[in-house]
Amino acid sequence: MSDTPHVVMRGVVRRYEGPPPVHALGPIDLDLARGEFFSVVGPSGCGKSTLLDVLCGLASPTSGTVSFEGKELHGEVPDGIGVVFQEDASLAWLTVRQNIAFGLRMSILPQREIDERVDHAIAFMGLAQFADHYPAQLSGGMRQRVCIARTLVLRPRLILLDEPFGALDQQTRLLMGDELLRLWRETGATVLLITHALDEAAVLSDRVGVISARPGRFIDLVETGWPRERDSRIVSDPNFGALTSRLWLSLREESMKTLGRVA
Amino acid sequence: MTRGRAVLAVRVAVLAGCVLLLEILCRIGVINPLTVIPPSDMVASMIEHVGSGDLDDNMIQTFSTIATAFVLAVALGTASGALLHRSSRLRDVVDPLLASYYSVPTFIFYPLLVALFALGKTPLVVLGVLSATPAVMMSTLAGLDGVPRVLLKLARAQRLGPGRTFCWIVLPAALPRLFTGFKLALSYALIGVIAGEFLLSATGLGYAISFAYQSFDNRAMYGLMLFVLLVAVVANGCLYSWEGRLARRRAGR
Amino acid sequence: MSDMALESPPPQRARRGTKALDSLILLLLMLGLWQAVGSWTQGVAVSPPLQTFLYLADLMTQSGFWGHVAATMAAFLMAFAISAVLGLGLGLVFGLRRFAGDVAEPVLAGFYTIPKVTLYPVVLLIFGLGTSAKVAFGVMHGLVPITLLTLGAVRNLPATLLRTARVLRLPPGKTMAWILVPACLPDIISGLRLSFSLSLLGVLIGEMFSSQRGLGFLLVSGMAQHNIPLSTAVVLLIVIIAIGANMAMLRLSRRFTHRKA
Numbered sequence: 001m002s003d004t005p006h007v008v009m010r011g012v013v014r015r016y017e018g019p020p021p022v023h024a025l026g027p028i029d030l031d032l033a034r035g036e037f038f039s040v041v042g043p044s045g046c047g048k049s050t051l052l053d054v055l056c057g058l059a060s061p062t063s064g065t066v067s068f069e070g071k072e073l074h075g076e077v078p079d080g081i082g083v084v085f086q087e088d089a090s091l092a093w094l095t096v097r098q099n100i101a102f103g104l105r106m107s108i109l110p111q112r113e114i115d116e117r118v119d120h121a122i123a124f125m126g127l128a129q130f131a132d133h134y135p136a137q138l139s140g141g142m143r144q145r146v147c148i149a150r151t152l153v154l155r156p157r158l159i160l161l162d163e164p165f166g167a168l169d170q171q172t173r174l175l176m177g178d179e180l181l182r183l184w185r186e187t188g189a190t191v192l193l194i195t196h197a198l199d200e201a202a203v204l205s206d207r208v209g210v211i212s213a214r215p216g217r218f219i220d221l222v223e224t225g226w227p228r229e230r231d232s233r234i235v236s237d238p239n240f241g242a243l244t245s246r247l248w249l250s251l252r253e254e255s256m257k258t259l260g261r262v263a
Numbered sequence: 001m002t003r004g005r006a007v008l009a010v011r012v013a014v015l016a017g018c019v020l021l022l023e024i025l026c027r028i029g030v031i032n033p034l035t036v037i038p039p040s041d042m043v044a045s046m047i048e049h050v051g052s053g054d055l056d057d058n059m060i061q062t063f064s065t066i067a068t069a070f071v072l073a074v075a076l077g078t079a080s081g082a083l084l085h086r087s088s089r090l091r092d093v094v095d096p097l098l099a100s101y102y103s104v105p106t107f108i109f110y111p112l113l114v115a116l117f118a119l120g121k122t123p124l125v126v127l128g129v130l131s132a133t134p135a136v137m138m139s140t141l142a143g144l145d146g147v148p149r150v151l152l153k154l155a156r157a158q159r160l161g162p163g164r165t166f167c168w169i170v171l172p173a174a175l176p177r178l179f180t181g182f183k184l185a186l187s188y189a190l191i192g193v194i195a196g197e198f199l200l201s202a203t204g205l206g207y208a209i210s211f212a213y214q215s216f217d218n219r220a221m222y223g224l225m226l227f228v229l230l231v232a233v234v235a236n237g238c239l240y241s242w243e244g245r246l247a248r249r250r251a252g253r
Numbered sequence: 001m002s003d004m005a006l007e008s009p010p011p012q013r014a015r016r017g018t019k020a021l022d023s024l025i026l027l028l029l030m031l032g033l034w035q036a037v038g039s040w041t042q043g044v045a046v047s048p049p050l051q052t053f054l055y056l057a058d059l060m061t062q063s064g065f066w067g068h069v070a071a072t073m074a075a076f077l078m079a080f081a082i083s084a085v086l087g088l089g090l091g092l093v094f095g096l097r098r099f100a101g102d103v104a105e106p107v108l109a110g111f112y113t114i115p116k117v118t119l120y121p122v123v124l125l126i127f128g129l130g131t132s133a134k135v136a137f138g139v140m141h142g143l144v145p146i147t148l149l150t151l152g153a154v155r156n157l158p159a160t161l162l163r164t165a166r167v168l169r170l171p172p173g174k175t176m177a178w179i180l181v182p183a184c185l186p187d188i189i190s191g192l193r194l195s196f197s198l199s200l201l202g203v204l205i206g207e208m209f210s211s212q213r214g215l216g217f218l219l220v221s222g223m224a225q226h227n228i229p230l231s232t233a234v235v236l237l238i239v240i241i242a243i244g245a246n247m248a249m250l251r252l253s254r255r256f257t258h259r260k261a
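So the sequences go chain by chain: V, L and A.
With our numbering, letter number 106 in the first sequence gets 106, and the count goes up by one each step, no holes.
With our numbering, letter number 71 in the second sequence gets 71, and the count goes up by one each step, no holes.
With our numbering, letter number 259 in the third sequence gets 259, and the count goes up by one each step, no holes.
For reference, chain V alone in the conformation it holds in the complex (with noise of 0.2 Å):
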């Protein structure tokens, strides 16, 4: 790990027009060490996901700096990062392997390399029984893990997930964590994380940031200090349970300015 910081967000505020005009998110000040697994926790509509289109370039901060690798973000997505988004983004007409293998569409690879990147994607995310299946007949957790395989054999420095597993069962979700640990583990790279659910947060991550109501801005940063060999198992630490007390004591108060009650 080097001593300058993979990402670093200063003073990032986002701004839209309207009419209404909306102070959605910042400032924002972050530093994202390499490496690092980093989550981000906060009440609906606090401008989670907009943190996230700023940070690879998918949308412009009103004001503010976004760099990665020591370049400033200018409005474009730059090379090396992987977004796995919060809605089904699996193209219904392609099969498994050629949804995994569009995420290399465009590159300059020879085809064998591809192949086997594909391979090693397809194998690693458990997909190998349904290679050749259209998405439409996978479930929701197995579409998301196209996506995520899609996104891994890119081999990226830095990983964006937006909810990833937002429409999953919870054991479902508690498993997808392990797979997303063992993927952090395997590639080393930078992972950030947006998730409602505290638990998820505090067992996957190094670091949680914990954002506020709209207009969304770091009211909290903990961190868990978890060995880099871990897995959900982790909840029966003792740790455990004070962490998700202090994420929840941070967001209660956040949570119920959105739900519209006072503290």
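All the pointers check out, no bait thrown in.
Reference listing, derived: stretches of chain A covered by chain L, where coverage requires no fewer than 3 residues with Cβ under 8 Å from a Cβ of chain L:
(1) 40-47
(2) 95-103
(3) 113-123
(4) 204-216
(5) 243-255
Incomplete in silico selection of chain L near chain V, CB under 7 Å:
(6) Val-150
(7) Ala-157
(8) Arg-250
It should be emphasised that the hints constitute simulated quantities derived from the structure, not laboratory data.
The structure presented is a predicted model; accordingly, all values stated were derived computationally and were not measured.
Quick reminder that beta carbons are idealized off the backbone N, C-alpha and C, glycines included.
Position chains L and A against the provided structure of chain V, taking the given hints into account.
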């Protein structure tokens, strides 16, 4: 027997039963032979006329007119649909027009078209295009609208650029709805052209049917009618099953 | 997620002002095109807008004209009523009885795509020349859409609704009236709107082919007598009636379908 096969079997049985009933009623004289001829005679007449080669000119005329109208409608419809999709201002204005378009019986314009373009292929093609194009426009709009926003974000995240985004993402995603439009276009073009030929034309299958009717040649009329209906059913049926295959792969979206 | 709402650009409330202006411009453009075609062909094919409106106004003062209008309306209303009642009934039956619905649907859909005009001689042979043939032809056109749409709506009814009806122990009549029909109402009204236009089309086509009365007949005889203003005026009237009725039905449907925004 699977349910699908059972449904098919019952459908065939019911249809065959109706045809058989008609045949019997005609043969025993319950139905006046001057009104409706037995189905077997209809089939015989159709084979006679089609096989004789006398119909060839009319067939070529009708099919080429339909084909021309179809191709034009598809081209115009997809182009204007794409244009409307890009310009929301234009679309806001044209949308109510499109929504009400098919409430107007397009066919009433046919006599005026004949007066405008003189009897021949042109008014028929124009009628076909007028009937079919809005359907293509609407399904192009629906298709382009229906591309999930997240896929457009995916395209940007993978840095595909506008050309590749269109070819690799927008077009495949919109294809099922586009294809529905093409299917409708063929249906409407066929109906429009045949109806036009029937009312006012000098050649074509529609004209041939009308002529047979007015000459009191019921046998020829029914034979030709059966032929036209079969062509329509087969052509539409092919496109329909093609559409079904396209949709089945993506079912659940 | 409400987060997603922030992703999209702000709503288009600002554009409503230009829309009215744009619609006016479009209307003027269409009138202009009409005028151009009319004068370019020197009234041989189409008579220009002003002349047509004046002719139509004049027509409306003649009782003979209203006789024709009445003939069309009578045939049409009968055709529409029969299509609606029969179509709704068939649609409900086919929607509720899955198997029958599956058997019938492709046949109905297929019937929708064939050039029914080719069957008109058969209709004439069976019903003779007269109003009943027109009505029959109107029903032939108008029956299928309402049947198919009702069938689809009933079939796609969320199972939870029917289960709720059983939990509440509703008898079949009440289930239909209180749950089934209201839930299917948007599609039923859509179907009625389509059937309206198509029944009208059927009746008009019938009149254009073989009738001595009605708007369709006036249209065709106008062309035959080279009375272009008459034909254009009739077309204009039909267009106004069709679009007017369609918009009225759209407004009506909006009042009944509070579900879909």
